[in-house]
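Trainee: Please take these sequences and the hints and turn them into a complete structure.
Just so we're aligned, residue 17 is where the sequence shown starts under our numbering, counting upward by one.
Treat the hints with care, as some may be off.
[Stated by the list, open to error] Label pairs and their computed distance ranges (CB to CB): (1) Ile-23 / Glu-58: 19 to 25 Å; (2) Leu-30 / Tyr-55: 16 to 22 Å; (3) Val-59 / Lys-26: 15 to 21 Å; (4) Phe-33 / Ala-53: 16 to 22 Å; (5) Ile-56 / Ile-23: 28 to 34 Å; (6) Leu-30 / Ser-50: 22 to 28 Å.
These are computed hints drawn from the structure, not numbers from a lab. Each residue gets a CB set at the ideal place from its N, CA and C atoms; glycine is no exception.
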Amino acid sequence: MTTIESISRKIGTLVIFGVPLIVGGGIVYYFAQSFPAMYIFEVVLLLAALGFVSKL
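Mentor: Below, the structure is given as structure tokens:
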């Protein structure tokens, strides 16, 4: 795979992870009524996304 294809694939994967990040953060905040709980969820999901992208 060329470099441009690799970069576009990584950016696309991060965009796909962005949807659960936004929606999931809203759901966590709705049930927990707590910003720290929402931030923890988002950091964990962001770390998972970065770990997934680093393997591509």
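Trainee: State for each hint whether it applies.
Mentor: Each hint, compared with the structure:
1. Ile-23 / Glu-58: 19 to 25 Å: Given a distance of about 24 Å, which is inside 19 to 25 Å, the answer is holds.
2. Leu-30 / Tyr-55: 16 to 22 Å: 19 Å, holds
3. Val-59 / Lys-26: 15 to 21 Å: About 20 Å separates the Cβ atoms of Val-59 and Lys-26, which means 15 to 21 Å holds.
4. Phe-33 / Ala-53: 16 to 22 Å: 19 Å, holds
5. Ile-56 / Ile-23: 28 to 34 Å: 30 Å, holds
6. Leu-30 / Ser-50: 22 to 28 Å: 26 Å, holds
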